[in-house]
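Generate coordinates for the entire structure from the input sequences, incorporating the hints supplied.
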Amino acid sequence: MTTNGSETLISIQGLEVHYKTGGGLFRAAKNVRAVDGVYLDIAKGETLGLVGESGCGKSTLGRALLRLTEPTGGRVLYNGKDLAHLPASQMREQRKDLQMIFQDPYASLNPRMTVGQIIGEPIKTFKLANGSAVTPRVEDLMETVGLSRRFIKRYPHEFSGGQRQRIGIARALAVDPEFIVADEPISALDVSIQAQIMNLMERLQAEKGLTYLFISHDLRAIRHLSDRVAVMYLGKIVELADGREIYRDPLMPYTRALISAVPVPDPEIESKRERIILRGDVPSPINPPSGCRFHTRCPFAIPDCSSIEPSLAEIKPRHQAACIRISPEHPYIEANAAAGLGVIGK
Amino acid sequence: MSETNGTILSVRDLKTYFKTEDGLVKAVDGISFELKKGETLGIVGESGSGKSVTNLSVMRLIPTPPGEIAGGRIEFDGIDVLALPIDDVRKIRGRRIAMIFQDPMTSLNPFMKISRQLMEVTRLHLGHSKDQAYQHALKMLKMVGIPDAERRMNEYPHEFSGGMRQRVMIAMALSCDPELLIADEPTTALDVTIQAQILELIKDLKDRMGTSVILITHDLGVVAGMTDKIIVMYAGKVFEQAPTRELFNTPANPYTRGLLKSVPDPAHEEGTDLYQIPGLPPDVAHLPPGCPFAPRCYRAEELCTKEFPPFVQINSDHHSLCHFAREVYEDSKSDPPTTAKHTPIQGESV
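Same order as they appear, the protein sequences are chains Z and P. When you line the first sequence up against the working numbering, it's residues 1 to 346, in that order. When you line the second sequence up against the working numbering, it's residues 1 to 350, in that order.
Quick caveat, the hints were computed from the structure, so don't treat them as lab data. Source: prediction; values computed, not measured. There may be inaccurate statements among the hints.
[To be verified] Chain Z is faced by these chain P residues, among others (derived, beta-carbon under 8 Å): (1) E46; (2) L124; (3) L126; (4) G127; (5) G163; (6) Q195; (7) Q197; (8) L220; (9) G221; (10) G258; (11) S262; (12) Y275.
For each residue, glycine too, the CB sits at the ideal point set by N, CA and C.
Take a look at the structure:
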């Protein structure tokens with residue numbers, strides 16, 4: 001599913017989140033470019049997976065869409081409105097349609113409120129029901145996410161991690177949103193519970209026609225849940241394609257390294273695998289490398305990579321990548337490197 | 001694998017209990033295993049399964065009270081660890097048995113330079129002079145692949161990234177050339193690309209130094225490529241124990257089968273619904289009678305809720321704690337869990 005096939009729900013255009021850090025009396029503040037010119041369209045009803053290492057800006061991007069972090073540039077179009085520049089009062093109203101599920105369900109639930117109060121709060125805030133109509137609605141939501149309605153008077157600490165995540169999901173669903181940003185929703189959960197939450201998210205999407213931005217560092221989960229996958233590196237989207245395509249034929253050396261790094265639960269495969277081991281760590285977004293930000297770790301980097309900033313271009317149908325060493329005519333970087341081709345893309 | 005066939009660690013019927021307000025928690029309840037020299041053992045389990053407590057027991061690091069090693073025997077290279085005075089245990093710890101943890105930041109002293117922290121270990125355990133210790137520390141940092149090691153010796157832990165800190169921890173753990181390395185979720189806090197580096201490093205060092213390794217993790221992918229044999233723990237018990245390939249190909253326990261099937265696997269495509277184990281991990285303070293996994297098990301019958309299951313021997317190295325172990329084993333033979341990922345969803349309600 002891509003934006004070609006169906007209507008675009010959210011269009012992110014040149015979104016930037018820059019902020020200043022450090023700085024003192026005698027030191028200049030440093031500019032952190034957490035999100036640096038991101039263009040992405042999210043189609044109605046799809047799950048767009050956003051994957052990258054820690055510090056790449058994926059959570060900041062998700063938060064900036066919902067204005068939980070203020071963007072410093074660019075636009076986020078939703079139903080013809082630019083969310084990035086909406087006055088605060090109107091943005092508050094919009095949050096009814098745009099919700100978020102967080103990584104740590106415990107930190108995001110008020111420990112002094114009962115489950116009923118937590119899930120009921122957004123219903124009351126947006127006046128979706130009042131008085132005695134709230135409780136049945138909360139109970140319905142609890143059943144929807146697989147929590148027994150008997151638990152309505154319990155507090156968050158009485159639940160396990162997986163159950164708390166279900167509470168977080170019920171709260172997000174309470175306002176009947178159209179779009180949900182799920183920021184690492186399964187990372188803190190036990191293996192046997194991760195599958196439950198992924199299946200729940202898929203079922204809810206099918207039932208309610210939800211659109212997800214699913215943020216995760218877990219490529220196995222991303223592959224399983226996403227229709228399309230965007231790979232982020234130091235504030236930029238570096239590759240974008242259908243989920244199956246990106247795993248079958250990753251074009252960027254970074255994406256390949258990411259995929260090859262994931263251990264597969266199969267000793268036969270593991271014993272034969274040739275891993276691409278990246279050297280070094282993710283560089284700091286405070287002072288990102290010039291040109292292509294990946295050039296410091298890329299096995300195929302040439303001198304031009306440190307001066308030319310690549311842009312995201314369509315290399316194969318519905319498959320975009322940002323690398324100056326590949327082009328639609330020559331999509332494979334190893335072959336290009338072997339043939340001695342230099343700068344051929346943009 | 002090293003040349004000797006000797007056993008480096010043997011754990012027999014270990015019981016580690018904690019007294020809590022909620023009653024007696026049997027965090028580890030009668031587990032046994034053996035590790036040969038040069039071998040790598042994986043211990044897999046969810047939170048509360050007892051996998052970390054097992055290893056803290058081996059190191060005699062259980063906080064007492066509330067914890068207590070209530071029974072069993074731990075032999076390290078023929079030494080009865082539980083009978084040893086604590087001062088003698090300290091001489092083994094860090095020198096002959098080393099440990100690395102999930103979060104390297106909490107195990108490094110934030111106020112001490114890396115050089116001093118590394119030097120402390122060999123000065124204490126190997127009686128190195130200051131100069132010897134410095135040279136040794138530098139050698140270790142280089143060995144674990146820290147670039148620009150001379151300069152980085154003079155830095156503090158906060159100046160290192162997560163992956164680099166874990167390398168420092170590994171350098172520290174291996175600086176006395178220990179016979180056993182216990183790695184408790186060593187890569188859980190790291191990115192996949194860094195995880196791949198660290199696992200590669202552990203594998204490489206193990207091959208070079210002949211160290212035996214216990215790798216504790218919740219990630220079946222991590223143990224698949226790293227270990228010779230695996231223990232699967234649940235509710236303080238060993239549920240299954242087998243050589244790695246055998247465990248992945250023909251598990252004889254419904255819990256292991258379920259875990260393997262519920263991992264989404266990018267190598268196998270066209271997944272629709274993901275297999276899921278229903279329900280929640282048990283509250284170890286209030287275990288049901290019978291098999292602790294029975295409430296979540298697809299194969300459970302009335303028997304399972306009443307009688308504790310036997311530890312069935314499938315073949316010489318393969319055991320499974322299940323009333324129907326043989327049947328599950330036969331099922332796995334005809335329907336291996338790692339390629340059958342498309343079983344319909346079980347009940348979702350909790």
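Q. For the hint on Y275(P), does the least C-beta distance to chain Z fall short of 8 Å?
A. The hint holds - Y275(P) has a Cβ within 8 Å of chain Z, the shortest such distance being about 7 Å.
Q.
Given a cut of 8 Å on the nearest C-beta pair, is the interface hint for G258(P) held or broken against chain Z?
A. Constraint on G258(P) satisfied, holds at 7 Å.
Q) Taking the least C-beta to C-beta distance, is L220(P) closer than 8 Å to chain Z? A) Constraint on L220(P) satisfied, holds at 4 Å.
(Q) Is the interface hint satisfied for L126(P)? The criterion is a beta-carbon contact with chain Z at less than 8 Å. (A) violated (31 Å)
Q) Holds or violated: is the Cβ of S262(P) closer than 8 Å to a Cβ in chain Z? A) Hint on S262(P): holds, closest Cβ of chain Z at ~4 Å, below 8 Å.
Q | Per-residue hint verdict: G221(P), partner chain Z, C-beta under 8 Å | A | holds (3 Å)
Q | Restraint outcome when Q197(P) is required to lie within 8 Å of chain Z by C-beta distance | A | holds (6 Å)
Q: Grab the minimum C-beta distance from G163(P) to chain Z and call the hint holds if it beats 8 Å, violated otherwise.
A: holds (6 Å)
Q) Can G127(P) be said to touch chain Z, with a Cβ gap under 8 Å? A) This hint is violated: G127(P) lies away from chain Z, its Cβ roughly 35 Å from the closest one there, beyond 8 Å.
Q.
Please check whether Q195(P) passes as an interface residue: C-beta within 8 Å of a C-beta belonging to chain Z.
A. holds (7 Å)
Q) Minimum Cβ distance from L124(P) to chain Z below 8 Å? A) Hint on L124(P): violated, closest Cβ of chain Z at ~31 Å, above 8 Å.
Q: Verify the interface restraint on E46(P): the C-beta must sit less than 8 Å from at least one C-beta of chain Z.
A: Holds, because the Cβ-Cβ distance from E46(P) to chain Z comes to roughly 4 Å (cut-off 8 Å).
The structure shown violates the earlier hints numbered 2, 3, 4.
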